[in-house]
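Please take these sequences and the hints and turn them into a complete structure.
Protein chains: 2
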Amino acid sequence: MNNSGVTVSDTFFKRYRELVRTEMLPYQWKVLNDEADITIERERDDASIPNEKSHAMENFRIAAGLSSGEHYGWVFQDSDVYKWLEAAAYSLKDHPDEALKKAADQVVELIGAAQEPDGYIGTYFTIMEPARRFKRLGESHELYCAGHLMEACVAYHAISPESKALSIARKLADCIDQSFGPEEGKIHGADGHEEIEIGLMRLYHTTGEERYLRLAEYFLEIRGQDPQFFARQYREDGGKPLIGGLESFSAAYLQAHRPVRQQDTAEGHAVRVVYLCTALADLAATKKDEGLRKTCETLWRNITERRMYITGGIGSTVRGEAFTADYDLPTDTMYCETCASIGLIFFARQMLRSGARGEYADIMERALYNTALSGMALDGKHFFYVNPLEAVPEKSRKDPGKSHVKCVRPEWLGCACCPPNLARLLSSVGDYIYTVSEQTILVNLFIQSELTCKTEQGGEVSVSLQTDYPKTGRILCTVSNQGKIPVRFGLRIPSWHDGIQGIVDGSAQEILNEDGFWYISLTPGEHRIEYTLELLPKRWYANAKVSDCVRRVSIARGPQIYCLEEADNGKDLHCLSVIQNAPLKYERREELLGGIGMIRTPGLRLLNRDEEAALYTDDPGALLTKTQELCFIPYYAWANRGENEMRVWVQEAPPS
Amino acid sequence: MNNSGVTVSDTFFKRYRELVRTEMLPYQWKVLNDEADITIERERDDASIPNEKSHAMENFRIAAGLSSGEHYGWVFQDSDVYKWLEAAAYSLKDHPDEALKKAADQVVELIGAAQEPDGYIGTYFTIMEPARRFKRLGESHELYCAGHLMEACVAYHAISPESKALSIARKLADCIDQSFGPEEGKIHGADGHEEIEIGLMRLYHTTGEERYLRLAEYFLEIRGQDPQFFARQYREDGGKPLIGGLESFSAAYLQAHRPVRQQDTAEGHAVRVVYLCTALADLAATKKDEGLRKTCETLWRNITERRMYITGGIGSTVRGEAFTADYDLPTDTMYCETCASIGLIFFARQMLRSGARGEYADIMERALYNTALSGMALDGKHFFYVNPLEAVPEKSRKDPGKSHVKCVRPEWLGCACCPPNLARLLSSVGDYIYTVSEQTILVNLFIQSELTCKTEQGGEVSVSLQTDYPKTGRILCTVSNQGKIPVRFGLRIPSWHDGIQGIVDGSAQEILNEDGFWYISLTPGEHRIEYTLELLPKRWYANAKVSDCVRRVSIARGPQIYCLEEADNGKDLHCLSVIQNAPLKYERREELLGGIGMIRTPGLRLLNRDEEAALYTDDPGALLTKTQELCFIPYYAWANRGENEMRVWVQEAPPS
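Going down the list, the protein sequences come from chains A and B.
Our numbering puts the first residue of the first sequence at 1, with every later residue one more than the last.
Our numbering puts the first residue of the second sequence at 1, with every later residue one more than the last.
Treat the hints with care, as some may be off.
Any copy, or any two copies together, can satisfy a pair, since identical chains are not distinguished.
[Unchecked claim] Mimicking SDA-like on lysine to any residue, the simulated pairs with C-alpha atoms at most 20 Å apart in a straight line are: (1) K398 to S250; (2) K287 to A99; (3) K538 to H497; (4) K294 to K538.
None of these hints come from the bench; they were simulated from the model.
As structure tokens, then:
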């Protein structure tokens, strides 16, 4: 079977999709054109981060000869435009919009105009240093940008096949194919930031052109074969760095410390790792390469079982925005970049293609409902780069080691990778709900939607999924199998479930758990499946090896991690404790934060007996506790009520 | 009365003083001469830190025209030599040593030879950029080095009045006096790193030359009058930075954000702050300036009541080695530079001159017995720059945000300020034991020693203090008052005391606490005071506002903070808890770590029920606790048994 289309009608995501269309895309369009009256903040206290303006569209106009001036911004500034275009394409598929279509058409035209005669696109190099093309790949992001261009063009081609988008992407891919590969005279290396591999795979899936598949494979396999590749290029280039400081990072920062098939831990820059893994898993599924699938599985396990925050955030340190060590998950200095969780969602989606394991979808859902969504304010116009597990405004202001831990989402960021990445994820969320293969349909996410599949025999299978999840866990699937043979229909059983019921065509069924899915064989005809997940507010505990979470709990309900916010609980959240075994009361608060669930529980507040208490005391009576009800809100909704403290992992106290 | 000499015969410090003489000074001499076969480590992962060699002595030889080549190392490399010379002077006073005297004489000669005709000394500028002298004071450390030279020369003059030391210092001070001051044509600013103020005050105390006092005062008062002074100098200089990155720091980093008398919180680089405060407090005591004393008191309170670790460490962040915010005392990313605690000791000593408050001496003792001593290995040849409250080797290796948190003391450091600073502190520890004023002698520290004072009437008062403190709290003072009037003899009552007894001339006394001292009036004649402090192992708690210490305890006995080390307790120290109310058993372990006290207590270890436990679980039964005896050793002695984990603040669990 083939997935021939998903229409999303979900309540929870409708808000976001509308926000993308009505707010994010118009807003980001203005920003990229330097027409928004906003403050661009540096994502951390680093004076080298460009933050005067975006200039991304102007860079294209200059490269195209339509304007004059110098390139401004990061060497990878072009990718902001590509991600915007990709998001626009998804949104247009979902909802026609003439003004948006016109703007997107303009962007495609402009990219085409900025393309060099041999197919190369890269405004920094075209404008500023054409002679350094492909000479400093550890920093240049040329192929990273190319990959994003390919993704955007493939997406745009799907809704506008008459546009030049696909031919622009192919011409660029051909140019890269001429320059890289095992043949003598070509460059034997890859880009410092993975993404071209994803773009080429998508271009291959759309065009069927085997050269693109081979080139993606080449980039994946050459990586780390020569750990000195990037350093040697730096030496040979000898010029000034394109991104100051990057050259001091090790090969592992770029996942180039050893051949990819030999990598068994997630090392270096978190976004790079999950982009690498996404392409690897795509290739493994596409070529049915079991060895490669095992590499992906090993990296998946290392990330999700050793190096991931409970919010689905990854990247334990700001320096290099990187992974550190197993179980090293500091809750106050972490990075947890929005893009990294988005990449983890990409990775999970590809893993589901070659392995029907519910855990991939569990993690996808965890990252989506928590760190990805927390990357954006409820207004769609303010964005986090870093998604902390705890935040204290004064510490972020006064400790330069926490300058990246912002407590209010900025209007835009010096490095603006996250906002358009979120836009493209949210506008394409339908692509993550189902995994369709030969005779199986997996329901990964419980997002209200309609799916249509074509069977190999020319029949059609349609699925209608109705739910108000995660508000409740009631899911109604109506499946119309108009094919000739039964369809294997798999509903994910979340690993965290608190009770499940399944009724198929009116009769209650025993639910068998096969690697995290409940499979029902649906014969040709109409079927109605009532699937009910009980969603109870509850406590989560971390592995004892996670030092920052010892004797602390995290409160969650279904896929949503909850947090304490100062707005509901007062200052000094570190003084609050959840009481063991105390009831967690869940209530809907439709008037609050766009409609959320709130969890209340009796708790304790530690406090100094004396107002002017000493810094240290040997008197245990100097500290008191008083009872205080604690109010938790979903993590994604924090920081929408002004600057305040937030905390996910809360002390747990024994019952008194 | 005047203090006319202290002889230290203390058991605990004898080891250190011998170490300074027999190991540290000869070892450091070799290092400064590039003759030691050692590895110089960068104090953190920062490629700009020079670590090929010291070159400090060679810089002087080149500046003196005795050798050729370029300057190598930091712009403040000279200060390593000055601090070594100062330490050598103190050691020679204590213990004659011909070879050391010869080396020290050579150093004085060499410094004299490197002095320019107008008195200026600064090997970097003399060798490399004479035209930039005093042009970039925010980075140049020229007056910082000059201050250290003055301190060294004053110390050396005291044991070798025939040497040129004092005249070199005076000539340099005169040169600086010609260049700085309120007069037109002079520079209206101070050095970015305070120290000249301390040096000038000492030079004034030794020579009585009022100009030096006035110049010290000028530097203290001009600071922060024009917060743009340093930035303007950078602009006017326009050349390449002397220390890359420093110019991006704010004026507060250099305590230049406002006039010093208006500063009420400790801001910026911690060592700079306490050096500034030391000179301020010296000036306040010297001039009996009550306004200035209040400024010092305000800063003292802010540091010690809001921004100091329980170990006497200061500086909460590596970036800028700086203070951050009140109660922001992270235990795993802190700085706690050895030099900063040494500076806090200097500050306390000066505060005692104008205010007989036991708390100054309490903090002095806390910093001395904990963070200062932990700065050095028991062999005297390995040194910490950073003194963490917890350390986990893998985290230090894998998290670049913890690269400064070393778990093994390096042989030497790229920035080698701490080792010779420790050498000079330990060899002059006698100067901190007593505070002598008109008719009062304060005993600040319980270090076995003999003090001789001359009274204004020409009499002599001698004190013999016998103790094996901090092994026990038994202190015997024999005082011979050969003056004509009674002496007010003040014994410090530590704020943490666990019981005190005092017997004066055979009769037990009630102990009245006057601001942390017990005063006894000793009439002319001989007196015997038996003073006994009970030293019980006990728990310390932090103020509830210190988020990193919530529900954690620190174990201490007397002035010594204790810690858990992996060598005694196994890995994953974060899993260990002290049980509330459980007994703390103290025992001496003479065979261990040069002889230490060990504190044992029944504790708990949290562990995963399953070996391959999930990263997160909603099953509270997945975590177990088992009992484990915990063994604490004194903090100063950690990291002397190979690379391992350490932790000061330990979870506290309720009794089961």
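How the hints compare with the structure:
no.: 1; hint: K398 to S250; in the structure: between (30 Å within a copy, 12 Å between copies)
no.: 2; hint: K287 to A99; in the structure: neither (41 Å within a copy, 76 Å between copies)
no.: 3; hint: K538 to H497; in the structure: within (11 Å within a copy, 46 Å between copies)
no.: 4; hint: K294 to K538; in the structure: neither (34 Å within a copy, 53 Å between copies)
Violated hints for the displayed structure, listed by number in ascending order: 2, 4.
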